[in-house]
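Could you build the full structure based on these sequences and the hints that come with them?
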Amino acid sequence: MFKSHAGRRRAALIPLAAALLLQPIAPLQAQVNRLPRDTPNLPHLGDGQTMSLSAERRLGDHMARAIFRDPDYLDDPVLGDYLASLWRPLIEAAQRRGELSPEMAERFAWRLMISRDNTVNAFAMPGGNLGVHLGLIAMTANADELASVLAHELTHVTQRHIARNIDKQSQQAPLLLAGMLLGILAASAANNADIGGAAIAGGQALAVQNQLNFSRDMEREADRVGFGVMRDAGFEGQGFVTMFERLQQSARLNDDGGFPYLHSHPLTTERMADMRARLPMHDHAGHRGQPHSHSTSPHNAWMHALMAARARVLAEAGADRQRVRPDEHQATATTGDGPTRAARHYATALAALKQRNLNTAINATEALLQQPGLDASALPVAEALAVEVLLQAPADQRIGGQPLPAWADRLATRGTRTGLLMAAQAARAGGQPAAMARASERLLTWVTERPTDALAWQTLATLYRAQNQALRAVRADAEAQVAMLDYPGAIDRFKSAQNLARGQPQADHFELSILDARTREIMRLQTDIERDAAEQRGGR
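Mapping of the sequence shown onto mature numbering (1 follows the signal peptide of the UniProt record, and there is no 0): residues -30 to -1, 1 to 510, in sequence order.
Rather than coming from a laboratory, the hints here were simulated on the basis of the structure.
Check before you lean on any hint, since a few could be wrong.
[Claimed, not checked] Between beta-carbon pairs, the in silico distance windows are:
id, residue 1, residue 2, range
1, Ala243, Arg501, 46 to 52 Å
2, Asp137, Pro421, 31 to 37 Å
3, Ala346, Asp478, 40 to 46 Å
4, Ser483, Pro458, 19 to 25 Å
5, Gln325, Thr432, 22 to 28 Å
6, Ala346, Pro41, 35 to 41 Å
7, Glu73, Arg384, 15 to 21 Å
8, Arg35, Asp137, 22 to 28 Å
The beta carbon of each residue, even a glycine, is placed where N, CA and C say it ideally should be.
Have a look at this one:
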């Protein structure tokens, strides 16, 4: 579970068994045909019979609200873009195979959520919310290993494992279960999961633990189906096996509680043997998926090395540790292969930037950009790092002979989330009206197509304020609160925008009508939540 800063020194509380936007990803709307499953796949265990898709989505949103409010929730666009590039082909493969139905694709949230936690964990929650700890990203050797975890957790969702577990204890209403989970969050100041669980009165912690620990059959099903999804997405199945081996070996050598993923997903000899046995079968038979740009290759090695380095630095806590980190990275930056050296330059620059050591950050960034053989896939990440550094540097500072606006414009033309957000920050820092107007238009187009992107709405709000567009800024703030499921906060901001608009002599009636419609819509959603909560309280 996501932890507060005050609790970083304690062990992870309870791994929820699976959840990935980095960034929020808009609900999938594509209507796809269900295809026959591969012949080698074993029979499925069936779907949840009691909990509807809508109820599971409501439960997932209930839990996601708490995560959005947690200080350790991290919306990092760079890591988010990378995780999304692995996640999307897995989703598409699950749809092609018929594992992910059109109805589930449309109804579920499909949010990827990142935690700053340095423990090795990933977990799935109801309604398609999936989360990843930075510690997991940092310890994987390649994209295939990371994709194997994402595919496994995706399968827990598509096979309705959470709903089926709740069905086993149908007397516990979904929102009551969510309340228990939030109670465990509140008890997370304890030193370990056992003490935290003991703080929950009436044996509720045990009930939650029983609900969230998937059965052996479900774990095997998630392995089997996840393996097929991963292969059909174009990743190498070997990543499943090597990830198992890496988890087992690392946990054995570092038995310090830093591997909560193994508590909720215990590695049995049977599971590992099954995955090893599947490799030659699938390698012999081939698979439908076309080679994917993120499967194991030199191309992937550069990108993943930089992303693992970023995760390691962002997960590190403590000023003392950060002070020595740049020197440690720089001292070994001349050893290893190209991706390894590039990752060390990247880590040096990012760690130095966190300590406001701009000279070291600039030098390491230039070394990264000059790294021989730097792969094209990693170049946008290096450019984004240049923007990150220059945003904290004096206005006349340059990297590679280029000032901040030049690097920002280069990023913006790539059309990625990282590029748009960083270009917007650069435009705001530069204070040029024309640049801010262009950045605002690009972001407005982005959030129109992806309304659940809270950080993009927040960034757009800051741009509007810098351009003295107060009404648009308040409305963008409100939409950011909607994206984070904070409906009361959104309603408050929408009403503020309404009052502001009505106080303007030349009020835009079209804008007013939009504000009125959005206010009513969000108030209705909040009323539904309050009614559900009241019904659950009355049914206890």
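Right, here's what the structure says about each hint:
1. Under the hint 46 to 52 Å, the C-beta atoms of Ala243 and Arg501, about 50 Å apart, fit the expected range.
2. Taking 31 to 37 Å as the suggested C-beta distance range, the pair Asp137 and Pro421 conforms, at roughly 32 Å.
3. With their beta carbons about 45 Å apart, Ala346 and Asp478 fall inside the hinted range of 40 to 46 Å.
4. Distance hint check: the CB atoms of Ser483 and Pro458 are about 23 Å apart, consistent with the given range 19 to 25 Å.
5. Roughly 25 Å separates the CB atoms of Gln325 and Thr432, a value that falls within the hinted 22 to 28 Å.
6. The hint said 35 to 41 Å for the Cβ distance between Ala346 and Pro41, and at roughly 36 Å that hint holds.
7. Our hint of 15 to 21 Å for Glu73 and Arg384 is violated, since their Cβ atoms are close to 34 Å apart.
8. Between Arg35 and Asp137 the C-beta distance comes to about 24 Å, which sits within the given range of 22 to 28 Å.
Consistency with the previously given hints fails for number 7 only.
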